[in-house]
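S.K.: The chain contents come next:
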Amino acid sequence: MYGNTLVENKKNGKSLTEGEDPVKLTEFEARIARGEKIEPMDWMPEAYRKQLIRMIEQHAHSEIIGALPEGTWITRAPGFRRKLALMAKVQDEIGHGQMLYSAAETLGKTREQMLNDLVSGKSKYSNVFNYPAMTWGDTAIIAWLIDAGAIINQVTNAKGSYGPYCRALDRICSEESFHLKYGHDNVVYLATGTKEQRALVQDALTRWWTPIMHFHGPPDKVSEHTAILMKWKVKMATNDEMRQKFLDEYVPKVWDLGLVIPDPKLRKNEETEQWEYTEPDWEEFKRVINGDGPCNKERLQVRRWAEERGAWVRKALINAEQKYSIPLA
Amino acid sequence: MTKSFDPRVNRMELPSNDDGKEVLDKQENWETYEVFHQKKRGDQHIHVGIVHAANPEMAILMAKESFGRRRQTANIWVVKSSAVNATSYNDQDIFETTPEKTYREASDYYCMDRIRKYQEEHGIVNRKEARRKKKEAEEK
Amino acid sequence: MNYSGEQLKAIKEFLYKIADDQLIIGHRNSEWTGLGPVLEEDIAFSSIAQDKIGQSLHIYELLHTLGEKDPDSIAFTRDAKDFKCCHLTEYPIGGYDFSLMRNFLFSHSDHARFEMLSASAFEALANIAKKYKGEIKYHIMHADTWIKQLGNGNEESRAKLQAALDTCFNMALGIFEDSEYVFELKELKVFDGENILQEKWFESISLVLGDSNLKIPDKSSWKPEYGGRKGQHTEYLQPLLDEMGAVLRLDPKAEW
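Chains as they are written, first to last, in the numbering used here: chain E, 1 to 329; chain D, 1 to 140; chain L, 1 to 256.
Keep in mind the hints are simulated off the structure, nothing from the lab. Any given hint could be a false lead.
Said to hold, decoys possible - Capping the alpha-carbon separation at 30 Å, the derived lysine-lysine pairs in BS3-like fashion look like this:
1) Lys189/L x Lys137/L
2) Lys39/D x Lys159/E
3) Lys131/L x Lys40/D
The whole structure should be built from the sequences, with the hints applied where relevant.
M.R.: Set out below in structure tokens:
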């Protein structure tokens, strides 16, 4: 969901647990099955460690990159209430990034390495943020529906196996509730406002629907490794399951406002209780995530700009005696 | 450079140095400090996470906003991660028999039966029984 | 407290000046959100920006009770010539050295001003000043820590801060431009005057700068950048206001 979440696997047909001590592996899996958490410094299969680092790191990157299209509109927010709320929301996203990097740091990767990998393009982040927030209407849709998608994901994964990630997600969930309310409030005011305001938000919804449908990642039938990742409680639900949950909760709310979702096939099948929809363009998803989106280059260049411009501040205060220590929890 | 939808970006001079070099050196984000947060006077300080900081004064500044900006706060401690001594999860078994030592639990103590037996044998009035009988009589 | 027409004019102009300063510097500081040198500092600087904008809102609300328009209209639809902010607040964010130094100089003036206002005879204003004491205390704590640490950091950080101080100082002196109503404000015991404020400000910044290996420009070179209080602004203010009002002005009567 936050990028290419799948660990490079078996180029040579090796399983994810090849070479791991079978006794330790059994104990490890039994602990997880009992519902106990894995904590920093616990024994863990290398694939588990790698997968978690990648997932948490890319989640963190998504937060701080996500702050860019939304942060765009802080200086143009209409009125004090929206201005202050948007500032607080974007600030929260940076805070969430900070908390998530901290969780990944407990697994032994440094924050510097993670930020370097982000800027170089090696690590990915949520694809939605490679699209531009063109109008104020866009920020309303993003704040409501993208945050909604993220919350569904976060609430689900907060029940996962890795202690530090779960604790970070719990804290994130409690802050996100205002984001969702703010986003929804914003969309409601626009949708129920003047003709122009309504057109603004409808236009944004139309343009953002495909990225929103992409948000929870490729369909299950093309996602590998789901089985073992779910056994290890790294993934707590499949992509399609989360997408269904999102549609179930939010499509009715969009329709409550009389807004049009640009998918004539979209409907809930009352018998199967599953939402049916036109499969979004997964080729576009692949292209964009591999660098060919409207904003990929700009996002990374801005991040590079920020890090480079701040280098003198950081370097001036480096203490010669400082020691590296993995955070505890 | 194509115009961005972000006016801030249009004010930056992009592209910056795009030579692919790493932007951060080793430990350029300094050290980490564990943060302990007290909600109200009288509460315990609770561990809430870490901040990266160059020194304790900065760690306090950072912790105030990272952990005190969205919740009620009375006080904050910061301690270098490297200064914390912790047990190892490999040694979690040293705590294993703790819950079994019920002789330290109030719930392990029950002697009502013993009192009753003695009272019955020696004609001492059981107060609870007496109250119950009195109540029954009043209800009739 | 019942004020006469002329007295009310004096008070309103005073309030506009304070709130406009807070709004514009808060707006400038908010441009750093997501772009700071370290994540934790990004978060902290954004809080400081929110605080200042929140304070400006409170003062615009007070102005509204005195007969002025509602805060959104005041802030988002006036043009540059109607603003009373000082030049210091208007300049673009520059590098972090400029923004930190600007914030340091401004926050110390804010701190001294609000301390004086806590004793103001205009009760509503005194209450506002007391309410925000804690926030401003943190702004000073933050600013002082960064100035001291970077001033004493390495040669590059010291030189950058010195250059920023040299650039900002005359702009900062513009904070203390006197109003034509200085006498009325003093008489009404609303505010004792910008000259007294400037002295207090100078004393407190000198202490910190002294500990930071930084030199205050010599008095002989002081050339305060006045004009802001009389509606004469830098070339940067109108574009800032255009951007700030870009969405609201699409339809000022709509509810956003």
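S.K.: If a hint holds in the structure, say so; if it does not, say that too.
M.R.: Structure-based check of all given hints:
1. Lys189/L x Lys137/L: holds (24 Å)
2. Lys39/D x Lys159/E: holds (25 Å)
3. Lys131/L x Lys40/D: Holds, at roughly 20 Å.
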